[in-house]
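Enquirer: Based on the provided sequences and hints, a complete structural model is requested.
Each chain, written out:
2 protein chains.
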Amino acid sequence: MNIKTMVIEKAKNAKKASRILAGMSTSAKNKALSAMADGLINAKDKLKKENEKDIAYAKEAGLSSALIDRLLLNDKRIDGMAGGLREIAALPDPVGEVTHIWQRPSGIRVGKIRVPLGVIGIIYESRPNVTADAVGLSIKSGNSIILRGGSEAINSNIAIADILIKSAIEAGLPEGCIQFIEITDRQAIQDMIKLDQYIDLIVARGGHELIKAITEGSTIPVAKHSAGVCHTYVDIGADLKMAEDICFNAKVQRPGVCNAMETLLVHKDVAEAFLPDMIKRFLDAGVEIRGCQKTKKIVANIADATEEDWFTEYLDLILSVKVVNDIDEAIDHIETYGSHHSDAIVTKDYERANRFLNEVDSAAVYVNASTRFTDGNEFGLGAELGISTQKLHSRGPMGLEDLTSQKYIIYGNGQIRH
Amino acid sequence: MNIKTMVIEKAKNAKKASRILAGMSTSAKNKALSAMADGLINAKDKLKKENEKDIAYAKEAGLSSALIDRLLLNDKRIDGMAGGLREIAALPDPVGEVTHIWQRPSGIRVGKIRVPLGVIGIIYESRPNVTADAVGLSIKSGNSIILRGGSEAINSNIAIADILIKSAIEAGLPEGCIQFIEITDRQAIQDMIKLDQYIDLIVARGGHELIKAITEGSTIPVAKHSAGVCHTYVDIGADLKMAEDICFNAKVQRPGVCNAMETLLVHKDVAEAFLPDMIKRFLDAGVEIRGCQKTKKIVANIADATEEDWFTEYLDLILSVKVVNDIDEAIDHIETYGSHHSDAIVTKDYERANRFLNEVDSAAVYVNASTRFTDGNEFGLGAELGISTQKLHSRGPMGLEDLTSQKYIIYGNGQIRH
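Here the protein sequences line up with chains A and B, keeping their order.
This note's numbering runs 11 ahead of the 1-based position in the first sequence.
This note's numbering runs 11 ahead of the 1-based position in the second sequence.
Worth flagging that the hints you see were computed from the coordinates, not collected in a lab.
Take every hint as true, because none was put in to throw you off.
Same chains, same label: a pair holds when it works inside one copy or across any pair of copies.
In silico BS3-like pairs for lysine-lysine, Cα to Cα no more than 30 Å straight-line:
#, residue 1, residue 2
1, Lys42, Lys26
2, Lys223, Lys205
3, Lys87, Lys59
4, Lys15, Lys223
5, Lys223, Lys26
6, Lys87, Lys55
Everything numeric in this text was worked out from a predicted model, so none of it was measured.
Expert: This is how it looks when you write it as structure tokens:
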């Protein structure tokens, strides 16, 4: 069977299963999630053995220790995947919620009801726990799922998917509702993203090149989990101690994630009071600083920030710093160089807080808090399938509701249109 | 200037204007809508003169009288366009609505607020009044708009757009917020749908080929206003008089629109009681009937429905008729051949009504009413930019709310993540 035929076959089966899954009760779905969690726990040895192959390959290929750590499955992480599935089971089921219903002069009652999307395709890289999270969220929201994980975790992913599929079917889910594409050839992605008759949403998680290729090739709507070039702007009159703690947290607490700060913007009138201590604290924590000319005048011995730095998501202990004249320049900078993910202002001023909230066009806009909070759990949505940096359908952390659509239901008693 | 440079220039200017427009007050936007309405009324003679060119060209090209009628602008239709803009001004402004706000254990308050999408591109065919509707809806929802109308109405569209742009700018809207692409070369579409850095949503209204080309070529999310292969299923035990009126209305009241019925499905146990009178009424109204074998056994002298008929959106006084064994076969037929637009059941049975509502995966699913109600005004949304037949972002009539996205706003007082 060639790649395309195989991918089409999987997509067809997923679509067929999705019709049954859409009508399943919350308790039936939760039972399956619980069975999947048990399945993972019972297969720890098998999972660790398969994971060893990926780790060995990664070492051979000379991947960095940080990347190898992302791939690793140990007892704790397997427990974590199982725990994630149980948490999803405990979340409210979004399917079937009638969000509004109203009566029209014609006498018809028009309502909007949440229904599953149908079939979700997810294309992702690296961490194997995404496989379990994505399956759990899709199943709970009544959607079939087709997974296409990266080659670096292929053995772990196949093992996880096998267990999830087996446990799900035994627990009564329809055959075909979870599909894993074992082919690591990129052709499989190109074939998958053209199957708009079977797949309703493509979730794309990965590097810039992968997301670009998917956006350009897909005939299916794409939810992009793209770059996070996040900013914090320290305003004139800000509480500088608060600003320092927020900025330090946003940069240092977990630098390798998309909601970490990449650029610090500081009002010129507080730059001299704020930057020396702040930058010292960063340097002490091992953060490399790249500053604009004004920053360099205030703090000695730091590197130049180039035009390219302002666009860059470092995902590392590197920070670009710019002194700005006012909030307008800060917002302009964010709109010009940012990625519309998460941006914060630290201020005491009511009007500028509101201006920032209104004018910064990002998925999450903060006043006086760290951008690190952009996360499904922190926002209270439960687990997330990714963080959308586009505007259609959903922005920010994609939870269960974001995996549904709303259709209209109309109750009449014989109405015709005049 | 070549086509691509011109399209990019327009898109850039639209994006720039969108930042200003997003912050404008409801009253400023309404004032502009009112000025645009006045502008159209004051330019009736000019509009009619430009429209004459399109009509002359259409006659020369041998277009059908129905199509020529769709192109025609007369006093009444210009009044209609102006009235449409005033109606949009009277609708509530969706921008700035905080739909939810909640407090998290960390102490941050997380809210969702409706904001404009930014820049909407619309690619459409035929009726020139779409130009005014689309501009009105975009401006009211705080979005810049780039219009690309079909060649058949190009003179009318340019004239309408010129007046709208002039009136809008005079009334204080930012330069560049309304852009019309005068080039009828299809290359302009291909260039436009790749500008994802400037355009946030493409609305595609037109025939199958146009929508296919846009879906395949676009790197911007596309809202498809696609085919309406709508069904009515007459259930066993239905009130046959009600069923007859609903079916007649759905097919005959306005056959050329997307929410008109194209296929009638009838339960086998009521087919003999229902079909002879129903079909006679259709034939008397000039409807051509194409039936399945069982239908042909009940009513003589009607044509065969082929496999292709079940997929066909006639947009004309033609109807395909199928006798089915039960509701399962009806739903299967709708899921197999339908376009997920609008589908109805006529029934007295509570359980089957609910099954139909739950299992038919269409933008609008009806019990005991005509599918002709799928319309922004009939649903109470006000005017609509199109009817979405996809599942992401919005399904069904796209009103003002559907032209916004929701971003997260977070109010903190120094929170950092642990």
